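**Student:** Can you make the complete structure from the sequences, with help from the hints?
Here our numbering is used: the first residue of the sequence shown is 154, the next is one more, and so on.
Please keep in mind that the hints were generated in silico from the structure rather than gathered at the bench.
Do not take every clue at face value.
[As the list claims (entries may be wrong)] With beta-carbon atoms standing in for the labels, derived distance ranges: (1) T293 / P328: 32 to 42 Å; (2) S259 / D399: 38 to 48 Å; (3) G371 / I241: 28 to 38 Å; (4) E178 / E248: 13 to 23 Å.
Since the structure is predicted, the reported quantities are computational estimates derived from the model, not experimental observations.
No residue lacks a Cβ here, since even glycine has one placed at the ideal position from N, Cα and C.
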Amino acid sequence: PWGGLYGGQIIAQALRAATLSVDPELEPHSIRAYFIRRGDHTEPIRYEVDRIRNGRSFATRRVVARQAIGAILNAESSFQRPETAAEIQTIFMPEVPSPELFDQTSFTTTFDRVVVPADQVRGTTRDGVGRVVAWMRVNTDLGDPADAQAQIIHRCWLAYLSDDLPTEAVLLAHPLGADAEARDSLFSASLDHTIWFHRRMRADRWHLYDFSCHHFVGGRGLSVGHVFSEDGIHVATVAQEVLIRDGRDKV
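**Tutor:** Okay, structure coming up:
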């Protein structure tokens with residue numbers, strides 16, 4: 154709907170490209186990506202993978218996504234061999250109604266999205282005008298999440314979904330965000346995107362994506378989100394810096 158490439162698509166495909174060069178026993182636990190240029194949805198994307206390091210427990214990959222104009226994304230991802238260790242969760246899912254109680258608001262048939270009204274979010278201290286909470290899931294069966302290869306696909310799809318809400322949280326916090334007419338004049342662009350995968354998850358089941366704007370300085374807003382399974386397990390953390398400019402200003 155934006156006339157360009159959806160950032161989540163590029164991140165997900167970059168992560169998938171990286172996984173194809175890694176020992177299949179290692180799982181992606183983080184990815185940090187920088188959006189360099191706006192992608193063209195009419196052109197193919199070439200993903201160049203650089204094997205930075207192969208270790209016994211960890212592996213590191215760098216991926217550059219290119220089109221005719223040049224590099225459009227630079228990403229680094231880290232992979233870890235699963236280890237048995239203590240599990241601690243100190244952040245919790247807010248109390249929200251079931252997704253079946255609300256209307257769909259997804260911009261695509263690829264996934265389902267249900268935005269939870271702000272007055273229906275309870276049970277956390279992460280309140281404020283710069284917050285957006287939504288249930289999301291891929292509407293295709295992605296396979297058994299206990300299978301190592303299927304789990305990689307689930308995480309790639311989480312990466313895809315995780316780019317949908319960060320900008321909205323920053324726009325809601327912006328001084329012009331509450332004014333519909335003024336908001337239409339705002340220009341926004343994702344600058345970077347980071348995901349930490351904490352636990353195995355299933356992207357084709359409902360997960361709650363809870364994003365808040367933590368600051369807005371110098372035209373850049375920081376959006377931080379937490380992803381929870383339906384039973385409240387914290388499966389991932391996402392952070393994105395978003396550029397917001399008033400299109401009425403000359404820049």
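**Student:** Each hint should be assessed against the structure and marked as holding or not.
**Tutor:** Structure-based check of all given hints:
Between T293 and P328 the beta carbon distance is about 40 Å. The supplied range of 32 to 42 Å therefore holds. For S259 paired with D399, a C-beta distance near 28 Å fails the hint of 38 to 48 Å. Distance hint check: the CB atoms of G371 and I241 are about 35 Å apart, consistent with the given range 28 to 38 Å. The hinted window of 13 to 23 Å between E178 and E248 is violated, with their beta carbons roughly 38 Å apart.
Checked against the numbered hints given earlier, this structure breaks hints 2, 4; the rest are met.
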